[in-house]
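We have chain A; now place chain B onto it with these hints.
Listed in order, the protein sequences are those of chains A and B. Last residue of the first sequence: 279 in this note's numbering, with the numbers rising by one and none dropped. Last residue of the second sequence: 729 in this note's numbering, with the numbers rising by one and none dropped.
It should be emphasised that the hints constitute simulated quantities derived from the structure, not laboratory data. Be aware that one or more of the hints could be misleading.
Quick look at which bits of chain A chain B covers, simulated, 3 or more residues with Cβ under 8 Å [claimed, not checked]:
no., segment
1, 27-38
2, 110-122
Away from chain A, derived, C-beta distances all over 12 Å, residues of chain B [said to hold, decoys possible]:
no., residue
3, Thr457
4, Lys461
5, Leu463
6, Asn500
7, Gln554
8, Tyr675
9, Tyr711
10, Asp718
Even for Gly, the Cβ is constructed at its ideal location relative to N, Cα and C.
The primary structure of each chain is shown beneath.
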Amino acid sequence: MKNKERLEDFSPKELPETRWALFWDLLFHQSGTLISTSLLLALFALPLFSDYFVFSFLGSSLQASGGAKEGLFSLVFYGTAIALPCFMVLFLGLSGASEVTKRLSFLEGTLGVASFFEGLKKNWRSGLLTGLLYGLSFGLALLGCLYLLLFQGALPVLTGLGIGLLLFQFIIVNSLCHYLLSQEALYLNSFGATLKNAFIFAHIKLPLNFVWSLLSPGLVIALFLINSVTSYVGIGLYVLFSAYGLLVWTLYANAVYDRHINATYYPELMGKGLHKKEG
Amino acid sequence: MSQVTLKHVYKVYEGGVRAVNDFDLAIKDKEFIVFVGPSGCGKSTTLRMIAGLESITAGELYIDDALVNDVDSKDRDIAMVFQNYALYPHMTVYQNIAFGLKLRKEDPAEIDRRVKEAAEVLEITDLLSRKPKALSGGQRQRVALGRAIVREPKVFLLDEPLSNLDAKLRVQMRSEITKLHKRLATTFIYVTHDQTEAMTMGDRIVVMKLGYIQQVDTPMNLYENPANLFVATFLGSPQMNIINCRLEKDGNDLCAILNGIPSLKLTFPELKKKQLASEVYLGKEVDFGIRPEHIRIASEGLPAHVEVVERLGDEIIVYAKIEGQNNDVVIKEAKGKTYHVKDKIFLAPMMEEAHLFDKTSTDSIMGIPQENLSEATLSPTKVAFGENELLLPEEYRLRLLKKALPKAEEERKILLSFAVKDVSAEETKGFYAIPGLIDFIIHRTDSDCL
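Okay, chain A solo, but in the shape it has when bound (with noise of 0.2 Å):
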């Protein structure tokens, strides 16, 4: 190996001390861990994608030719629907990546592909369920606003009041559903209680779950719904950085786990993959 030595040991004082250095420092030093797990998550996110074209395309021919709101909300109902193991698919896969985001937080190294797996292999369950929960709300939430944008239209406080609370929701279970997969990937509890957990700290953390929320999957769904162009982008974004943005809710949730969990029940988790200042 060719690569200059550096005379002095490399000291455990150059770790980062803050979940937000630690952030900075794996983007630096663990890009390609990343990325292929951002790759492995597009593989899971096909069938999803592929429910979005094929019903796109439908959506677009249906307008093309005049046809009634009700047709359209039924083709998104049905999209809708099949779009539900699209989810439990895509949550299978986030269950292996939230291993991988774990390691990567604890600063304990991964072996990529093979950690993505393994961790895939031991939350599989609790991934479907939570891919099941999020596709359920996200169709609630869909629906929902479709069904008050097309037929409620003349009662715009009522609308943006429905809007606004079905998108509360799918916020809440957005949060919920990575509180379940980060503790999943952590801790050794039942499933009621991980949920019950991921319910409190979804509601406790809303200012900041919000903002990762806007973040992680705001910005992709957004770029879906604006246009057909935009929706490419989303795409490209997803297959590259979605692991980013798992890494980001992890990263917050070991901060919100730290306090409320770690500080009582799992001392010698607290602040692991951090440098602990002497004193």
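Frame of chain A, contents of chain B only:
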């Protein structure tokens, strides 16, 4: 169990270059054995033959009881650590350590357990997510060791692993490798050209030169009883002083006359005199050897002049020249005394620590012999020496060259040799019993007396 046995192993490269000659060694289970010698002595080649990275030209190599001459390197259950670490720069420390196990398609959970365990042993847990470029040489070498540890091999092969490190780090890593050997309780075969590493780390040391084993023994026995001039001068810093001398008898005493000058006469103590291999050396020129720490600067002795003084903190190295002679003599003294260049001093060698070497063969002729030599008479069926007669076993007679075996009714004078290790002081079934009286006993520093 992880014994390694090399039986008459040779390595001859194309063009006839002999890198290793008749390498015969049994390495015990859990032993830390060090191959040491100058560049080109064949130590790395031998290690690479054990690893399966070089083919064996002749001889047999056993790991445990299995002949592995033709077994692939990957199937020998050995792990090798190289001088240049051989880490993958694009992989993290974790991935580097796990790489071998991943190739063997081990379960990821098991890989993870082993990597973390090895990282803890080597105290590199904090480095797992880093890439080699972020690490110092010592840390990189620890990663290389980690990669070997996780494989849980029968035998560890280490090829000059500390050569790329600076002096301070070498000392630190030396003790870490020794601790690691104790903790893992596995056979370690370590190659180095650094005699300090060899002396401090090995349970036994194999000293090599030009492809031949010169001596195999514990570090202290090698130091105190070198088998030949090469071993004597290779081990020890500063190296042993070698001065030409003539052996003489002065009444009952045995004396060494340095450079043949009668005034430079040194008398051996009684026990040392008994250790002289043969009286044939009396009146002949031999090499007289004495280590720097075995020469005292006294009020009387061999007159000399100080040439150079090196102060090393806890000790002083004095380079002197014997008066009227060209021999440089190095003396190691404890700190406390002051010497200046051109000071006249008197050298008093501790003769109980002196060595003598044959001028031609360079073998030691005083000390613990490697072989018992005796003049004997060989006839077609037996060999006789003193009052003893040993019948030659049939298979032994078949192995003798035709011209070596006398014809019927004929006898031939020979020099009979028994290796010291092949002679037991206890009565053993199936062995020849030769009656004898104990003449004297020498206590070796770190093993049984002889």
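Outside-interface status for B:Asp718 - nearest CB in chain A farther than 12 Å: holds (57 Å)
B:Asn500 remote from chain A - nearest C-beta pair above 12 Å: Given a closest Cβ separation of 37 Å, the condition holds.
Count residues of the segment 27-38 of chain A with a Cβ under 8 Å from any Cβ of chain B, then say if the count reaches three. Result for this restraint: holds, n = 3.
Minimum Cβ separation between B:Thr457 and chain A greater than 12 Å? holds (20 Å)
Using Cβ atoms and 12 Å as the threshold, tell me whether B:Gln554 really stays out of contact range of chain A. holds (50 Å)
Nearest-CB test (12 Å) between chain A and B:Tyr675: holds (54 Å)
Assertion that B:Tyr711 lies outside the chain A interface [Cβ separation over 12 Å]: holds (58 Å)
For B:Leu463, which was marked as not at the interface, is the minimum beta-carbon distance to chain A over 12 Å? holds (22 Å)
Do three or more residues from the segment 110-122 of chain A put their C-beta atoms closer than 8 Å to C-beta atoms of chain B? holds (count 7)
Reported absence of B:Lys461 from the contact zone with chain A (all CB gaps over 12 Å): holds (23 Å)
Comparing the model with each earlier hint shows no violations; every hint is respected.
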